[in-house]
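Work out the full structure, taking the sequences as your base and the hints as a guide.
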Amino acid sequence: MRIIDEFIKHINNGESSFIIDADKTDRKTLFTCATIGKAQFVYSAYSFGSVIDIDKMEICAIVSDNKFYIVDSYDLDLWRNKELPENVIMFDEAVTDFNSKAEFYFSKYYDSLSIDGAYEGRKEQIFQEAREYIFNDKGQPALMMKWISSSGLSQYDIKNILTGIVDFEKLVLTKLENDKKHWMSVKAHRIAVENLMNDPNTVKPFEMEIAKGLRSVDAKTLKVEFEMNGKTAIGKIVPYHLMRILINNDCFFGYNFCTTKEGNAIIDKLGASTWSRDSEDKALTCRNITKITYGKKELYVRK
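Going by our numbering, the sequence shown opens with residue 1, and the numbers climb by one from there.
Simulated from the structure, these hints should not be mistaken for laboratory data.
None of the hints are false.
Estimated spans, in silico, between C-beta atoms of each pair:
| id | residue 1 | residue 2 | range |
| --- | --- | --- | --- |
| 1 | T32 | E124 | 53 to 61 angstroms |
| 2 | S100 | A22 | 29 to 37 angstroms |
| 3 | E262 | K138 | 25 to 33 angstroms |
| 4 | I165 | G117 | 34 to 42 angstroms |
| 5 | I89 | I19 | 19 to 27 angstroms |
| 6 | K269 | R215 | 28 to 36 angstroms |
| 7 | H241 | K138 | 17 to 25 angstroms |
| 8 | D111 | K261 | 51 to 59 angstroms |
| 9 | C258 | E86 | 55 to 63 angstroms |
| 10 | I54 | L173 | 37 to 45 angstroms |
| 11 | K108 | E86 | 31 to 39 angstroms |
| 12 | S185 | D5 | 44 to 52 angstroms |
| 13 | K236 | E58 | 56 to 64 angstroms |
| 14 | K138 | I19 | 54 to 62 angstroms |
Straight-line distance between alpha carbons at most 25 angstroms, and here's what the computed SDA-like set of lysine to any residue pairs gives:
| id | residue 1 | residue 2 |
| --- | --- | --- |
| 15 | K212 | R287 |
| 16 | K269 | I245 |
| 17 | K101 | S154 |
| 18 | K101 | K180 |
| 19 | K181 | E124 |
| 20 | K82 | A45 |
| 21 | K187 | N248 |
| 22 | K220 | H241 |
| 23 | K303 | D281 |
| 24 | K138 | V238 |
| 25 | K236 | N249 |
| 26 | K108 | K170 |
| 27 | K212 | T232 |
| 28 | K223 | P239 |
| 29 | K28 | N13 |
| 30 | K123 | D199 |
| 31 | K231 | S273 |
| 32 | K180 | I191 |
| 33 | K269 | D250 |
| 34 | K223 | G295 |
| 35 | K28 | I59 |
| 36 | K9 | C33 |
| 37 | K282 | G271 |
| 38 | K231 | H241 |
| 39 | K297 | D137 |
| 40 | K175 | G164 |
As the structure is a computational prediction, the values presented were derived from the model and not from experiment.
Glycine is no exception: its CB is placed at the ideal position from the N, C-alpha and C atoms.
This is how it looks when you write it as structure tokens:
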């Protein structure tokens with residue numbers, strides 16, 4: 001019989017302390033239970049001699065509502081026998097599951113929040129995020145910080161819930177209320193991004209055409225042709241760097257090209273400014289792009 005199966009049998013028989021001998025080894029594992037609320041916390045330790053030598057035990061499982069939550073799989077030999085019996089759940093998976101269930105309360109709470117007076121973030125950051133969602137064709141922004149990554153239930157919380165001492169729903173709502181200002185700001189920020197995404201002035205038609213061209217290929221480098229001050233120049237740029245410049249509505253510097261030497265030569269030839277605060281007519285920007293090619297394929301041609 002597997003150790004996990006024998007373990008369950010002892011617990012179901014109501015034994016509060018028992019020893020299990022591992023098959024084909026001299027290992028003896030001592031288990032002892034402590035009742036906390038409606039749950040049993042089961043502690044274990046093993047010895048290859050006498051269990052009398054054991055002086056320290058660690059929690060290995062929690063039994064609650066006829067379910068066995070495995071905290072430490074080693075003493076139960078589950079690191080080798082990974083097939084779990086019915087009603088046996090790995091504790092880490094239970095933490096994830098409880099947090100998934102908490103999403104229901106989180107969604108209702110989040111939807112009910114007013115954003116009046118909430119901090120929505122820097123306008124420049126919001127503008128860039130909106131452009132990133134549009135250019136990368138991501139659709140509407142997902143919730144930027146999930147419940148579990150901020151207010152989420154910890155292992156300690158789940159242990160308390162399993163004892164019945166702490167109510168699941170009340171704990172979730174308390175955590176949400178404690179983080180109310182945070183979630184108001186998250187919501188305000190998200191709505192601000194969505195509003196800019198729906199604003200036709202956020203992205204210009206030529207910018208959208210460039211983004212579509214970049215998304216259409218999986219390339220290491222692209223050839224980009226510029227026109228400025230009556231002169232033309234062609235350079236190689238990594239697509240990711242070009243997309244970042246587009247999203248940030250930024251200008252080109254020498255280091256944005258595949259080699260800084262090539263980039264500096266292009267900027268010098270076109271007579272472009274290298275001062276980022278200069279006006280658009282002096283700095284080299286995506287407005288100056290006349291063509292983008294990948295091999296023989298034209299990804300963008302300025303109209």
